[in-house]
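**Student:** Position chain B relative to chain A; hints supplied.
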Amino acid sequence: MENHNQEWDIVLKPNVSLFELNLKDVWKYRDLLFLLVKRDYVASFKQTILGPLWFFIQPILTTLVFVVIFGKVAKLGPDNMPVMLFYLSGVILWNYFSNCLTATASTFVSNASIFGKVYFPRLIMPLSVIISNLLKFAVQFAFFLLVYLYYLVKGEINFSFNAALVLSPVIVLMMAMLSLSFGLLISSLTTKYRDLTHLLTFGVQLLMYITPIILPASRFQGTFKYLLEINPMTGYIEAFRYAFVGSDFFTWGLLAYSVGVTVVLFFFAAMTFNKVEKSFMDTV
Amino acid sequence: MGRVILQAESISKMYRLGLVSTKTLSHDVNRWWHTVRGKEDPYLKIGETNDRTTKGSSDYVWALKDINFQIQAGDTVGIIGRNGAGKSTLLKILSRVTKPTTGEIKIKGRVASLLEVGTGFHPELTGRENIFLNGAILGMRKKEIQSKLDQIIDFSGVERYIDTPVKRYSSGMYVRLAFAVAAHLESEILIVDEVLAVGDAEFQKKCLGKMGEVTGKEGRTVLFVSHNMAAVQSLCNKSILMQYGQILHYDQTAAVIKTYLNSGIKEGENLIADLSSAHRSAGKYKAIKKAWVENGKGEIVSRIMMGNALTIKFEFEFPDTLSNILVGFGIENDMGTRVTSLNNEISGDGAFTAIKSGVASLNFPTPNFIEGTYFISLSIVSNQNEWIDYIEQAIQFTVEEADVYGSGKLISSSQGTVFMKGSVKISEAK
Chain A
1 MENHNQEWDI
11 VLKPNVSLFE
21 LNLKDVWKYR
31 DLLFLLVKRD
41 YVASFKQTIL
51 GPLWFFIQPI
61 LTTLVFVVIF
71 GKVAKLGPDN
81 MPVMLFYLSG
91 VILWNYFSNC
101 LTATASTFVS
111 NASIFGKVYF
121 PRLIMPLSVI
131 ISNLLKFAVQ
141 FAFFLLVYLY
151 YLVKGEINFS
161 FNAALVLSPV
171 IVLMMAMLSL
181 SFGLLISSLT
191 TKYRDLTHLL
201 TFGVQLLMYI
211 TPIILPASRF
221 QGTFKYLLEI
231 NPMTGYIEAF
241 RYAFVGSDFF
251 TWGLLAYSVG
261 VTVVLFFFAA
271 MTFNKVEKSF
281 MDTV
Chain B
285 MGRVILQAES
295 ISKMYRLGLV
305 STKTLSHDVN
315 RWWHTVRGKE
325 DPYLKIGETN
335 DRTTKGSSDY
345 VWALKDINFQ
355 IQAGDTVGII
365 GRNGAGKSTL
375 LKILSRVTKP
385 TTGEIKIKGR
395 VASLLEVGTG
405 FHPELTGREN
415 IFLNGAILGM
425 RKKEIQSKLD
435 QIIDFSGVER
445 YIDTPVKRYS
455 SGMYVRLAFA
465 VAAHLESEIL
475 IVDEVLAVGD
485 AEFQKKCLGK
495 MGEVTGKEGR
505 TVLFVSHNMA
515 AVQSLCNKSI
525 LMQYGQILHY
535 DQTAAVIKTY
545 LNSGIKEGEN
555 LIADLSSAHR
565 SAGKYKAIKK
575 AWVENGKGEI
585 VSRIMMGNAL
595 TIKFEFEFPD
605 TLSNILVGFG
615 IENDMGTRVT
625 SLNNEISGDG
635 AFTAIKSGVA
645 SLNFPTPNFI
655 EGTYFISLSI
665 VSNQNEWIDY
675 IEQAIQFTVE
685 EADVYGSGKL
695 ISSSQGTVFM
705 KGSVKISEAK
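Chains as they are written, first to last, in the working numbering: chain A, 1 to 284; chain B, 285 to 714.
Just chain A, with the same shape it has in the complex (with noise of 0.2 angstroms):
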């Protein structure tokens, strides 16, 4: 039949392989991805006084917390650096990874009355999760500016050029790589076993006490030095304090590190969710 020797644009079929992650139908849907976006921001700030202001409060908030309770009273923050820009920077770039994380994680699950009346590519969810939390990020990063201005100013830090402040853009989106990596691993498993769910927010904080945010790096002895060295996440916290106030523990060795485990996670993440995001909608 002549059938078969037409075009066609779309095929469906049981299997696909594994690699085929179709991100040129993702850019056919950029405009939903924006639209997202918009929607999360709009959204959020509705009926409240204060709007935007939030994006602010909470890690202010954070971060005093931190201050007084383990800088000042327990004495456990860094010497070498203003306590404040030590726990800021490390509370907008630990929320920046774990709010992708824990929204990503839950894409199947959240979306499932979405996702199951319409086709779009499944990876616009995430990746408006990503967008949307990075937009938070750079006005959290534009007040780190400028309480680090503040302490320039004031003589306690030398602003020192180095090749960690250029790549610094690059450093939060591989960190953002590593986010949606771990939250699409998670929400493929999760599409038919729920029990992962359940260890996500106690396994986000056990994290942080693995990663140099409470604790300076130098502190870590022991098994929690070695904890400290396998999780990728300090290389791109270090990495950042490294370019703006400095660390002692930075090496680039620890950012490769962090950056090869990153690309290897995403791409078994990203064959998970490819696999995964054809079927969910039996089980979930």
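If you are wondering where the hints come from, they were derived from the structure by calculation, not from laboratory data.
Take these hints with a grain of salt, some might be off.
Claimed, not checked - With a straight-line Cα cutoff of 25 angstroms, these simulated SDA-like cross-link-like pairs (lysine to any residue) come out:
#1 K46/A - N314/B
#2 K38/A - M457/B
#3 K24/A - K392/B
#4 K28/A - M457/B
#5 K278/A - M177/A
#6 K192/A - W317/B
#7 K278/A - N314/B
#8 K28/A - R444/B
**Tutor:** Coordinates of chain B only, in the frame set by chain A:
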């Protein structure tokens, strides 16, 4: 014959019944182990047709089994069938919500699916913002939506509220806005589920009209699932009748609807109701044994078209011979309203002579039932005016919409309890 725009090749879809539990994990591991060794999936070969009324031996069921069809560009194809026939599963696969277990579907051009109106509406966003969001979810580009924005707002008829968050909308306004977006989709293929079941009658008509426009003028291909036979009849030139996950009939709509109306749920099953142990509201004996409905040709059916002849029959048996009994039939609609009733005394057919067992029947040569579901109550009363047997809502039948006035327009149950033949005229005042 137009060119083929969609082709389905032996599509099957299997679902696992029951809950996802620890057993799922063991099945998954077992399946994985079979695949690793290059063997067949151990759970896939269990194939039973999807008959919900009988409990199958397996936890796995084929919601769709070996579906093959082609759709030509410009056709409007209705997909009909009883609940559980696999219509929605087919739509889900066609609209890429889930993948088929086996088989392949090839599509040309863009597909827009409308399995629900207002997918992705966010309650906090305004109507205008939701038009953009919903449009983008359905696959429209921002530019496209922008250029059609005025048309969409106009079609929805909620212009006044367009900058108010949709959470403040009435449910009707919400549906109107949502459908307005969907109605302006530009795609080669449009897949529509029973989204028209929501909204008031006036808006439904508008939507049906818009769909007709979509297919008529722009030559778009539409796949339309509905239980509303009248809508299918007026919109679709071809139809697919599905049963137990398979295609029973795919042809011109009129022929398919005929098959649908004549097809029993199963040979003989449910068409003849066994009443020997049914609940009785009154009576001395369980005299009424079986009951059924026949069409004008004497075929046993559960559905008839509006205005077509209808006979209700029941079989009875008494322990002894009885004479001068009264046989009564009561017919209620799905609102519980008694539409009419008749017994042999009122109908003037007079008393029956002594009888021990037999068949009673009520015939309406030209009934005025409007479309809908009806329930029949059956009764036998003795000559001493005491109940011999009385079963309320013993059996039911469905009246399907039909063009009883021959005008191309339909009268629906929202316009009255019954329909009457008649004419409407205007004449000049003298």
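**Student:** Against each hint, give a clear statement of whether it holds in the structure.
**Tutor:** Verification of the hints:
A C-alpha spacing of about 50 angstroms is found between K46/A and N314/B, which places the hinted pair above 25 angstroms, so the restraint is violated. Using a Cα cut-off of 25 angstroms, the hinted pair K38/A and M457/B holds, with the two alpha carbons roughly 24 angstroms apart. A distance of roughly 17 angstroms separates the Cα atoms of K24/A and K392/B; the hinted pair therefore holds under the 25 angstroms criterion. With a CA separation close to 30 angstroms, the supplied pair K28/A and M457/B exceeds the 25 angstroms bound.
Annotation: proposed proximity of K278/A to M177/A holds, straight-line Cα distance about 22 angstroms (limit 25 angstroms). Between K192/A and W317/B, the direct Cα distance comes to roughly 18 angstroms. Compliance with the 25 angstroms bound is thereby established for this hinted pair. Distance check on the hinted pair: K278/A and N314/B sit about 21 angstroms apart at the alpha-carbon level, within 25 angstroms; holds. Taken as a hint, the K28/A and R444/B pair is broken in the structure, with Cα atoms around 33 angstroms apart against an allowance of 25 angstroms.
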